[in-house]
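Protein chains: 2
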Amino acid sequence: MHFELSKEYLDTLLNIIQKKDNEKAKKLMDVLHAADIAEIYNELSIEDAKFIFLLLEGEKAADVLAELEDDDRERFMKVLSSEVIAGRFIEHMDSDDAADVIADLPENKQEEVLKHIADIEHAGDIVDLLSYDEDTAGGLMGKELITVQLNATLREAIEEIRCQANEIDEVYYVYVIDNETILQGALSLKRLLLAKEGMLIKDIYIEDVIAVKTDMPAEEVANLADKYGLVALPVVDSIGRLVGRITIDDLVDVMREESDKDYQMISGISEDVEASDNVWLLTRARIPWLLVGLVGGIFGAQVIGIFEVDLAKHAAMAFFIPLIAAMGGNVGVQSSSIVVQSIANNTIGIESTFQKILKELSVALINGLILSALILGYNLIFSNSLALTFTVSIALFVVVLFASIFGTFVPLILNKYKIDPALATGPFITTVNDIFGLFIYLTIGAMMYAII
Amino acid sequence: MHFELSKEYLDTLLNIIQKKDNEKAKKLMDVLHAADIAEIYNELSIEDAKFIFLLLEGEKAADVLAELEDDDRERFMKVLSSEVIAGRFIEHMDSDDAADVIADLPENKQEEVLKHIADIEHAGDIVDLLSYDEDTAGGLMGKELITVQLNATLREAIEEIRCQANEIDEVYYVYVIDNETILQGALSLKRLLLAKEGMLIKDIYIEDVIAVKTDMPAEEVANLADKYGLVALPVVDSIGRLVGRITIDDLVDVMREESDKDYQMISGISEDVEASDNVWLLTRARIPWLLVGLVGGIFGAQVIGIFEVDLAKHAAMAFFIPLIAAMGGNVGVQSSSIVVQSIANNTIGIESTFQKILKELSVALINGLILSALILGYNLIFSNSLALTFTVSIALFVVVLFASIFGTFVPLILNKYKIDPALATGPFITTVNDIFGLFIYLTIGAMMYAII
Numbered sequence: 023m024h025f026e027l028s029k030e031y032l033d034t035l036l037n038i039i040q041k042k043d044n045e046k047a048k049k050l051m052d053v054l055h056a057a058d059i060a061e062i063y064n065e066l067s068i069e070d071a072k073f074i075f076l077l078l079e080g081e082k083a084a085d086v087l088a089e090l091e092d093d094d095r096e097r098f099m100k101v102l103s104s105e106v107i108a109g110r111f112i113e114h115m116d117s118d119d120a121a122d123v124i125a126d127l128p129e130n131k132q133e134e135v136l137k138h139i140a141d142i143e144h145a146g147d148i149v150d151l152l153s154y155d156e157d158t159a160g161g162l163m164g165k166e167l168i169t170v171q172l173n174a175t176l177r178e179a180i181e182e183i184r185c186q187a188n189e190i191d192e193v194y195y196v197y198v199i200d201n202e203t204i205l206q207g208a209l210s211l212k213r214l215l216l217a218k219e220g221m222l223i224k225d226i227y228i229e230d231v232i233a234v235k236t237d238m239p240a241e242e243v244a245n246l247a248d249k250y251g252l253v254a255l256p257v258v259d260s261i262g263r264l265v266g267r268i269t270i271d272d273l274v275d276v277m278r279e280e281s282d283k284d285y286q287m288i289s290g291i292s293e294d295v296e297a298s299d300n301v302w303l304l305t306r307a308r309i310p311w312l313l314v315g316l317v318g319g320i321f322g323a324q325v326i327g328i329f330e331v332d333l334a335k336h337a338a339m340a341f342f343i344p345l346i347a348a349m350g351g352n353v354g355v356q357s358s359s360i361v362v363q364s365i366a367n368n369t370i371g372i373e374s375t376f377q378k379i380l381k382e383l384s385v386a387l388i389n390g391l392i393l394s395a396l397i398l399g400y401n402l403i404f405s406n407s408l409a410l411t412f413t414v415s416i417a418l419f420v421v422v423l424f425a426s427i428f429g430t431f432v433p434l435i436l437n438k439y440k441i442d443p444a445l446a447t448g449p450f451i452t453t454v455n456d457i458f459g460l461f462i463y464l465t466i467g468a469m470m471y472a473i474i
Numbered sequence: 023m024h025f026e027l028s029k030e031y032l033d034t035l036l037n038i039i040q041k042k043d044n045e046k047a048k049k050l051m052d053v054l055h056a057a058d059i060a061e062i063y064n065e066l067s068i069e070d071a072k073f074i075f076l077l078l079e080g081e082k083a084a085d086v087l088a089e090l091e092d093d094d095r096e097r098f099m100k101v102l103s104s105e106v107i108a109g110r111f112i113e114h115m116d117s118d119d120a121a122d123v124i125a126d127l128p129e130n131k132q133e134e135v136l137k138h139i140a141d142i143e144h145a146g147d148i149v150d151l152l153s154y155d156e157d158t159a160g161g162l163m164g165k166e167l168i169t170v171q172l173n174a175t176l177r178e179a180i181e182e183i184r185c186q187a188n189e190i191d192e193v194y195y196v197y198v199i200d201n202e203t204i205l206q207g208a209l210s211l212k213r214l215l216l217a218k219e220g221m222l223i224k225d226i227y228i229e230d231v232i233a234v235k236t237d238m239p240a241e242e243v244a245n246l247a248d249k250y251g252l253v254a255l256p257v258v259d260s261i262g263r264l265v266g267r268i269t270i271d272d273l274v275d276v277m278r279e280e281s282d283k284d285y286q287m288i289s290g291i292s293e294d295v296e297a298s299d300n301v302w303l304l305t306r307a308r309i310p311w312l313l314v315g316l317v318g319g320i321f322g323a324q325v326i327g328i329f330e331v332d333l334a335k336h337a338a339m340a341f342f343i344p345l346i347a348a349m350g351g352n353v354g355v356q357s358s359s360i361v362v363q364s365i366a367n368n369t370i371g372i373e374s375t376f377q378k379i380l381k382e383l384s385v386a387l388i389n390g391l392i393l394s395a396l397i398l399g400y401n402l403i404f405s406n407s408l409a410l411t412f413t414v415s416i417a418l419f420v421v422v423l424f425a426s427i428f429g430t431f432v433p434l435i436l437n438k439y440k441i442d443p444a445l446a447t448g449p450f451i452t453t454v455n456d457i458f459g460l461f462i463y464l465t466i467g468a469m470m471y472a473i474i
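Here the protein sequences line up with chains U and R, keeping their order. All you need for the working numbering is the position in the first sequence, starting with 1, plus 22. All you need for the working numbering is the position in the second sequence, starting with 1, plus 22.
Derived from the structure by calculation, the hints contain no laboratory data. Bear in mind the structure is a predicted one, so any value in this text is a computation, not a measurement. Misleading hints may appear alongside valid ones.
Now the stretches of chain R that chain U is said to cover, found in silico as 3 or more residues with beta-carbon under 8 Å [as the list claims (entries may be wrong)]:
#, region
1, 179–187
2, 204–217
3, 249–263
4, 270–278
Covered, in the sense of this in silico footprint (three residues per stretch, anywhere, with C-beta under 8 Å from a C-beta of chain R), are these stretches of chain U [said to hold, decoys possible]:
#, region
5, 268–278
6, 302–308
Even glycine gets a Cβ: it sits at the ideal position worked out from N, Cα and C.
All chains, please: the whole structure from these sequences, using the hints.
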């Protein structure tokens, strides 16, 4: 029922492309959804992709382009002239998708493409949209929307909607405005269908509609749509005039991107890469955080170096170095990730920072006591050094406490200063916890061996 | 414009609840959206929540209940009688939400509640839905949908839609069926509005509509809706009869849950917790993976123990223990998380497992060479032991290679056997990499010091 890209399919297609068999290729593409063709695009060389693209009819070519990932699209745009971009693609795209494509072009090409758009109104919409920051409601919205006047009759409104709807793919809501285009409310198509002949719009519209301002951050818009279960959101300017609408598919993309970004951060990857990307991209995405880890490891080596004499005397002190380092890292990541995810999902609650830290302290005390007691039991049975036994348990307890508080505090502080709190889940904080843990462990160890 | 829960608001509300001031409380709740009341619920005691709930009118109370998190809802249901659950909540809920609520009740209470539902058709729908696995399309779907016959006229269809639409919150699509209720296609409301008097449904319907079978896994349904930008999906049984529909808000929840689950796994948290949960829940979610880490640390201690004699002679060997362990962990998590995220986002590509491993090997070779060269340079300058210098570089190179391959291989294998590949990002694999790294490092070290 749905298309599934396979090696066999791709081979067939490549064969057809090689033979430049326009007709067969077109037939193959005709039955596919734009999203499927975009998936195939990923597996093609830029020349092969161009061959396929120029076979597609306007609307579909535009849809495929809108479905491509940003970096793929950028690369593809480079091989096309401004005229082709404007005439074959932009003309057929919704204003928000068109603005996204144009925003990614180099500046001189942007102007060229805009000049080649035949439909002046469409070009104007795009220019309007280009002025918004792409991570705000303004940057997400499209200009395609259907509006009716508050004081229109049902018949007038339906006539108006028929007129406007021709240009729009999908209609979920009709927005109600006044003479100054100030948003007054909305109307679902269901209400229109159920309304009785002779009614007025103001009798049937929904007054209490959730709208967002153009400068609301994209992430907040997505959270709002998720919370209230909305499939479309009207966007207003600072005096309440309706300027655009955001659809759920764009908001789903925002949510995905946000969660992908948090996931990359915690896994120590610095770019948006996929398993299907090439070796160069994958390496580039991974080396930065590995270098951070390497530098951290060197600091760790220097911390241990301070205790070389003690280690030479009591080699057994080295046994629990990995345990202490790993536990500090694990606890820290747990703490910070709970904060990060709660911020992302807007479930952080209304406790004050102090209350949060206090709660984290309680959790850390319980966890620390359990873990320390267990390792104490283990060492009392299996270790023959009482100094080491006490050192490990005390150090573990201190490290769990420190890593918990540090892991909770840092993302909260980052968030307060509008820095991405997910930074606190990356290797940087883990490394700090590692080094601190080592220092605590070896210091306590040196003292213990001196006493006992 | 949107409600924001604050400490002050909560204090006011608690005050009103304490005074049992029904009227004021009702007034406060009347202006709020169900999702907002659900948010407030989280901050209330079960008695206070019950007080508020029983003030809400049917529809709204049901909406709030549907918005609550599963565990909150379960706790709340415990204090209500079957009659109240059926009469005040289930009657007013969509069938899919109602089935979710009932599925979470203990079995004997399920039957009681079902018996108390006055609307037999509604009860029947719920019983039907309860038969599906909750992680499949059948478990996600609702029975509320609007259908028209393929051979109906436009006028008949609109009459039919008016009749059916009264019972349904939101209508995005009308589904077209034949006499045997086999799904034939769909109609957007826009097409209906644009259609001309006298047309037949078969002239204007969309034949090529994406439907899913009842047994399709929820995650696949969500990926499908995301890929094709759908706001609603019809669900069919194995012979193509239309049995329900899934709406985008439920699919967004599936996506969120999936990404939250992956995020929890990589951060070593074993339950779905939030910063606002209580100390007990937070501790319970964190201790399991910490215990895994502790056991891993004990194994690590034993591995190092094998080399106690060498370490006593060459204490400097201990310096780079944390570096080697951390790098093994970091590289492993990077590798497995790329695979896990690509599987989740369906961007894993069509390369064979062998090709993927080969690519990973190339990335690992480059990263390993860079990191080893850097640490070689550092040690050549700052270390006075040539044995240690070579040991660290060689061990680091081997560890990066091993962790990369292992980190790529394990999630691919897990996925092949239908086990959640995200398991490979958890502390278990990190710990294995740590221990292997230690063993390699100390073995090479012992050999090097023997030779040089």
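Hint-by-hint comparison with the structure:
For the region 179–187 of chain R, the stated coverage by chain U is satisfied: 4 residues place a CB nearer than 8 Å to a CB of that chain, which reaches the threshold of 3. Counting residues of the region 204–217 of chain R whose C-beta sits closer than 8 Å to any C-beta of chain U gives 6, which meets the bar of three, so the coverage hint holds. Coverage of the region 249–263 of chain R by chain U holds [criterion: at least 3 residues with CB-CB distance below 8 Å; count 4]. Judged by the Cβ-Cβ criterion of 8 Å, the region 270–278 of chain R is covered by chain U as claimed, because 5 of its residues qualify and three suffice.
Look at the region 268–278 of chain U against chain R: 5 of its residues bring a Cβ nearer than 8 Å to a Cβ of that chain, three or more, so the hint holds. Check result for the region 302–308 of chain U against chain R: holds, 3 residues qualifying (beta carbon to beta carbon below 8 Å, three or more required).
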